[in-house]
Amino acid sequence: AQKITQTQPGMFVQEKEAVTLDCTYDTSDQSYGLFWYKQPSSGEMIFLIYQGSYDEQNATEGRYSLNFQKARKSANLVISASQLGDSAMYFCAMREGFNNDMRFGAGTRLTVKP
Amino acid sequence: DTAVSQTPKYLVTQMGNDKSIKCEQNLGHDTMYWYKQDSKKFLKIMFSYNNKELIINETVPNRFSPKSPDKAHLNLHINSLELGDSAVYFCASTQTGAEKAFFGQGTRLTVV
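Protein chains in written order, with my numbering: chain B, 1 to 114; chain S, 1001 to 1112.
Derived by calculation from the structure, the hints in this document are not laboratory data.
A portion of the hints provided could be inaccurate.
Stated by the list, open to error - Among the chain B residues that face chain S by a calculated CB cut under 8 angstroms, a handful are: (1) 43; (2) 45; (3) 50; (4) 73; (5) 100; (6) 104.
Said to hold, decoys possible - In silico negatives: residues of chain B with every beta carbon more than 12 angstroms from chain S: (7) 16; (8) 28; (9) 39; (10) 84.
Stated by the list, open to error - For lysine-lysine, the following BS3-like pairs were computed, each having C-alpha atoms within a straight-line distance of at most 25 angstroms: (11) B:3 / S:1022; (12) S:1041 / S:1071; (13) S:1100 / B:70; (14) S:1041 / B:73; (15) S:1040 / S:1052; (16) S:1100 / S:1036; (17) B:70 / B:3; (18) S:1009 / S:1036; (19) B:73 / S:1100; (20) S:1040 / S:1071; (21) S:1044 / B:3; (22) S:1019 / S:1052; (23) B:113 / S:1040; (24) S:1022 / S:1041; (25) S:1041 / S:1052; (26) S:1044 / B:73; (27) S:1041 / B:3; (28) B:3 / S:1009; (29) S:1041 / B:113; (30) S:1022 / S:1052; (31) B:3 / S:1019; (32) S:1022 / S:1036; (33) S:1071 / S:1100.
The beta-carbon is built from N, C-alpha and C at its ideal position, and this holds for glycine as well.
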């Protein structure tokens, strides 16, 4: 069964606007971590933000914030004030279990329009 | 200093050949992974090692064999390469409980 679901294959946003990329997950573990990565056209995987399952506050890193709704098992990424350089693939991932099993969603391709 | 380094970055080879991709991390992490990213960009976990022990071994053809000589290295050896093995292979590492997992720059394997 798919553990990480990203339902938006592609998203468009106007430059300077905010955008939310959706991610839902499935786990029976109490302790887990949620990650977002950016993959630009150059191909590298860039870490953006992390949320631990016990963290009560939503994680923020600059223009990135993670909207963590534990009961709904969602971990949406919010990018504020979009920039042209934000155009990329975005992957949600979950790490769970004693063995650090880390799996990814299918990704969302974000395009920022000028 | 590069945290997770993979070599080579590009690899073009003929069907039937055997090749290896090397990965090293200098972060002192206890867990390392190999992922395969296909043409649709899906990242599929192949293997993970924790303290040199194989932990995750997904449904991967046994032509793929990981080797971890020590905690800092996780190499991927592929026998009898097939066209369908063409993909980008990523190595990654993390530490139990840490807030980050780091990726290598990827190895683009093309089998012709």
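Check the structure against each numbered hint from earlier and tell me which ones fail, lowest number first.
Checked against the structure, the hints that fail are numbers 4, 9, 11, 12, 15, 20, 25, 28, 31, while the rest are satisfied.
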